[in-house]
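Peer 1: Sequence:
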Amino acid sequence: RAGTVTTPRMRQNRANPHRRTRQGPPIMYMPPPFTSRDPAVAARLMTVIPTGVLNRVLHDAFHKTQPPFSGRRQLKFYYATQTGQNPPRITLFVNEPRLNNPTYQAYLTTRLRDAFDLAGVPLILRYRSSHGQRRPDGP
63 RAGTVTTPRM RQNRANPHRR TRQGPPIMYM PPPFTSRDPA VAARLMTVIP
113 TGVLNRVLHD AFHKTQPPFS GRRQLKFYYA TQTGQNPPRI TLFVNEPRLN
163 NPTYQAYLTT RLRDAFDLAG VPLILRYRSS HGQRRPDGP
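Numbering-wise, my numbering comes out as the position in the sequence shown, counting from 1, plus 62.
FYI, nobody ran anything at the bench for these hints, they're computed from the structure.
Idealized CB from N, CA, C, for every residue including glycine.
Heads up, a few of these hints could be off.
Just the calculated beta-carbon pair ranges, DEER-fashion [unchecked claim]:
#, residue 1, residue 2, range
1, 168, 192, 20 to 26 Å
2, 69, 97, 45 to 51 Å
3, 144, 97, 16 to 22 Å
4, 115, 168, 20 to 26 Å
5, 167, 110, 21 to 27 Å
6, 70, 191, 50 to 56 Å
7, 70, 144, 54 to 60 Å
Full structure from sequences and hints, please.
Peer 2: Structure representation (structure tokens):
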């Protein structure tokens with residue numbers, strides 16, 4: 063090309079596109095699985111919770127202590143399912159995920175730990191709209 067200045071570094075970068083950044087190629091981050099030295103906790107990490115039982119426990123929790131209101135709206139629970147293990151991940155399908163608050167999430171987590179003997183195990187609750195809109199992991 064006429065009038066274009068090309069330096070040796072530019073030619074080198076075109077030949078190896080990963081060299082353009084100082085860090086090198088992109089590194090995909092994957093968090094390590096949660097591990098425990100206690101065999102009892104390690105066994106609880108792999109707990110499989112039947113969907114029907116999970117829904118009954120959460121239904122009872124929602125009826126025992128109603129979720130707080132946000133303006134004139136209230137979080138409504140439709141159903142839940144376990145979506146992962148190590149640590150256990152539970153997805154709750156609700157009307158408006160943004161209506162959840164940290165206090166109520168802590169209450170639900172405690173109820174689930176008590177019901178399924180998950181003491182010492184991190185428990186991840188995700189809220190998803192039953193209308194197809196997704197929300198990032200809980201608050």
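Peer 1: So, for every hint listed, does it hold in this structure?
Peer 2: So, going through the hints one by one against the coordinates:
1. Distance hint check: the CB atoms of residue 168 and residue 192 are about 23 Å apart, consistent with the given range 20 to 26 Å.
2. Distance hint check: the CB atoms of residue 69 and residue 97 are about 50 Å apart, consistent with the given range 45 to 51 Å.
3. In this structure, residue 144 and residue 97 meet the distance hint of 16 to 22 Å, their C-beta atoms being roughly 20 Å apart.
4. Remark: the range hint 20 to 26 Å for residue 115 to residue 168 is upheld by a beta-carbon distance near 21 Å.
5. A hinted range of 21 to 27 Å for the beta carbons of residue 167 and residue 110 is consistent with their spacing of about 22 Å.
6. Residue 70 and residue 191 have their C-beta atoms about 54 Å apart, which keeps the hinted 50 to 56 Å range intact.
7. The hinted range of 54 to 60 Å is satisfied by residue 70 and residue 144, whose Cβ atoms lie roughly 57 Å apart.
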